[in-house]
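Participant: Here are the chains, one letter per residue:
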Amino acid sequence: MTTTAASAATPAAPPHGLSRAQLHELYYYMRLTRSLEERLVNLYRQTKVIGGLFRSLGQEADSVGSAYALDRTRGDFLSPLIRNLGSMLVQGAQPLEILRQYMAKAESPTRGRELNIHYGDLDRGFIGQISHLGDMVPVMAGVALSFKMRKQPRVGLVYVGDGAMSTGAFHEGINFAAVQRLPMVIVCENNGYSFSTPMRKQTAVAQLVDKAAAYGIPGVRADGNDVLAVYGATKPAVELARNGGGCTLIELVTYRRKGHAEHDNQSYVPAGEIEAWEAKDPIDRCIRDFTAAGWATAGELADIDARIASLLDEAVGACENEPMPEAMSALDGVLADPARTELEWYRRIDG
Amino acid sequence: MAEVTYLEAIRQGMQEEMRRDENVFILGEDIGAYGGAFKVTEGFLAEFGERRVIDTPIAEAAIVGAAAGAAHMGLRPVAEMQFIDFISCAYDMLTNYVATARYRAGLPTPMVVRGPSGGYVRGGPFHSQNPEAAFLHTPGLKIVCPATARDAKGLIKSAIRDDDPVLYFEHKYLYRRIKEHLPEGEEILTPIGKARVAREGKDLTIVTWSAMVYKALEAAERLEKEDGLQVEVLDLRTLLPMDDEAIMTSVRKTNRVLIAHEDTRTGGVAGEITARINDQAFEWLDAPVRRVTAHDVPLPYAPTLEDFVLPQTDDLVVAARWLAAY
Ligand SMILES: Cc1ncc(C[n+]2csc(CCOP(=O)(O)OP(=O)(O)O)c2C)c(N)n1
Chain B
772 MTTTAASAAT PAAPPHGLSR AQLHELYYYM RLTRSLEERL VNLYRQTKVI GGLFRSLGQE
832 ADSVGSAYAL DRTRGDFLSP LIRNLGSMLV QGAQPLEILR QYMAKAESPT RGRELNIHYG
892 DLDRGFIGQI SHLGDMVPVM AGVALSFKMR KQPRVGLVYV GDGAMSTGAF HEGINFAAVQ
952 RLPMVIVCEN NGYSFSTPMR KQTAVAQLVD KAAAYGIPGV RADGNDVLAV YGATKPAVEL
1012 ARNGGGCTLI ELVTYRRKGH AEHDNQSYVP AGEIEAWEAK DPIDRCIRDF TAAGWATAGE
1072 LADIDARIAS LLDEAVGACE NEPMPEAMSA LDGVLADPAR TELEWYRRID G
Chain E
3 MAEVTYLEAI RQGMQEEMRR DENVFILGED IGAYGGAFKV TEGFLAEFGE RRVIDTPIAE
63 AAIVGAAAGA AHMGLRPVAE MQFIDFISCA YDMLTNYVAT ARYRAGLPTP MVVRGPSGGY
123 VRGGPFHSQN PEAAFLHTPG LKIVCPATAR DAKGLIKSAI RDDDPVLYFE HKYLYRRIKE
183 HLPEGEEILT PIGKARVARE GKDLTIVTWS AMVYKALEAA ERLEKEDGLQ VEVLDLRTLL
243 PMDDEAIMTS VRKTNRVLIA HEDTRTGGVA GEITARINDQ AFEWLDAPVR RVTAHDVPLP
303 YAPTLEDFVL PQTDDLVVAA RWLAAY
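In the order they appear, the protein sequences are chains B and E.
Per the numbering used here, the first sequence starts with residue 772, numbered consecutively.
Per the numbering used here, the second sequence starts with residue 3, numbered consecutively.
Possibly wrong hints are sitting among the right ones.
[As the list claims (entries may be wrong)] Facing chain B, a subset of chain E residues (Cβ under 8 angstroms, in silico):
no.: 1; residue: ALA35
no.: 2; residue: PRO59
no.: 3; residue: ALA61
no.: 4; residue: ALA63
no.: 5; residue: ASP87
no.: 6; residue: ARG124
no.: 7; residue: HIS129
no.: 8; residue: MET244
no.: 9; residue: ALA248
no.: 10; residue: MET250
no.: 11; residue: VAL299
no.: 12; residue: PRO302
no.: 13; residue: TYR303
Because the hints were derived from the structure by calculation, they are not lab data.
Note that the coordinates shown come from a computational prediction; the quantities given were computed from them, not determined experimentally.
Positions of the beta carbon are idealized from the N, C-alpha and C atoms, including for glycine.
Isolated chain B, as found in the complex (with noise of 0.2 angstroms):
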């Protein structure tokens, strides 16, 4: 989108038929996942996050625009991975969620079982994610199946890596909601490297989106640095789907501009490619083009600021003391019946 000296005064109307509102909305998101993270990065240094951290700087437009294309109120699922805490909080979740997850809390949504961002709801309409990759596209293409076979006008959103789209599980996936007609959209995020690999070691193809047409469904690319261009393509491929149009395979390029995981020195990544995505911030470009159009004036902006840091300080400062979870929650859950796995002999008996 251009930012021609569109005056302050008679602002063009924002695209997408998007609302001012609706502007601010994507902003709040993008901020509230860079800033979360950026507690999670303070929390994991003092060794409070129990796991690894992940983190999504760079990429907050791509989540946080496809999630922002669905609709809550009509029923619309996605399936994160784990640079997806953006579509997330679109979708639902709660700061304060994540923080439990990440520190293993009791009261963290999977009760300490799972970590990270890896949780779901289905009254919310997400579905956490497992490690192994590839894996949820399959598992959407069920959630979209049930839509059709109830013709609910609902659709199932899926996100997927550049280095997730080689695996076996991904294949099958896409190719069985292609052939279903499943109302289904699959988001791949293109962010150039799948941990240390590059894209060329991942995939012949010169697009990611070239692979759309070996399954038979439409493609679409898009900058996954401005968030209007993510929700501009994402959109009509929901409403396509919603529509009884079928799957579409979406590609969105951006940039991983941490390393795989906190632990990760990037020391694979050529000079200056970091810095040169840096100058293609997609938070920098949102405030950029917001202001500059007349969207969104820069106290606006600061007030949405300031909102998100008041409800993160109170998000880690309630977490931060909460207790693990007790030990022998363990054994709870496995199955509906019997709903207590047995205790193991040698606990039974007192040393």
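Please build the complex by placing chain E with the ligand on the supplied structure of chain B, with the hints as guidance.
Facilitator: Chain E with the ligand alone, transformed into the frame defined by chain B:
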């Protein structure tokens, strides 16, 4: 003599075999420029080049399948699973194709699939698994699980030289915690299929492998100090083919057996060992064979939960006392 960590021992073993035999090559995710998620293959790309150090797409079935095809043609691939938890993505390839190749079609398939297994590291359900039981049931595979740096080196070298497919499960908890003097220039070839007595004893045997060996040794020490018990610790090292002779020798000596493993109980390897002892040495037993394993739940992330679910040294002590008093 240099002190070598468990991790360096694996690296050295692979390096030595790659230097010795042009046909040995490695493939896996992020193993080249990055040197592997745990840096096991650090330096390999520089020394052996892109032809023999292959960074692959994220595609475990293709990694294992391609290794099999190359092995048929006389190469000796060593495939890395970034975490052993992802070997499940290649389960079809390993159990249906690789394991049956020799029997079904007379195809030699000399290949190794290796990777970091095991818990006690807060890795949660998908970065902590011990998948040996999933493969023990399939004829046609060998499974090794080294506990010491010497065996880590000796078993990777033997696995690479073996003419059949070998699953090599290394324990990530041991990577940098275990160190040992390994004489430079010594050719260490730990035989596949041979257990090792890690500690001699006469009152009771703990049969175990991998990281659990250290908990068994700790328990043995405590039991000696506090109860005057002489506990033998048998480190199986190889699970397939299993060293029945070593197990039965120890059973005949101590007459009491505790089997300890980190994986969950039901369908676990301990059940198989128990059956073998029943078959081959029942009359030598003074007590039922007992097992200490993880609880039958997916491995949870929170330290309070993980520590509870996984077997600890205290559990071995309690169980051994029960057995000794039987
Ligand atoms: C089946 C499988 N194999 C290997 C891994 C280990 N792994 C975790 S993340 C990752 C890289 C993922 O890259 P990509 O899909 O591009 O997502 P990104 O991290 O770039 O967001 C790898 C190899 C895994 N999680 N699942």
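Participant: Each hint should be assessed against the structure and marked as holding or not.
Facilitator: Now for the hints, and whether the structure bears them out:
no.: 1; hint: ALA35; verdict: holds (5 angstroms)
no.: 2; hint: PRO59; verdict: holds (4 angstroms)
no.: 3; hint: ALA61; verdict: holds (5 angstroms)
no.: 4; hint: ALA63; verdict: holds (5 angstroms)
no.: 5; hint: ASP87; verdict: holds (7 angstroms)
no.: 6; hint: ARG124; verdict: holds (5 angstroms)
no.: 7; hint: HIS129; verdict: holds (7 angstroms)
no.: 8; hint: MET244; verdict: violated (24 angstroms)
no.: 9; hint: ALA248; verdict: violated (24 angstroms)
no.: 10; hint: MET250; verdict: violated (24 angstroms)
no.: 11; hint: VAL299; verdict: holds (5 angstroms)
no.: 12; hint: PRO302; verdict: holds (4 angstroms)
no.: 13; hint: TYR303; verdict: holds (5 angstroms)
Checked against the numbered hints listed earlier, the structure breaks hints 8, 9, 10; every other hint is satisfied.
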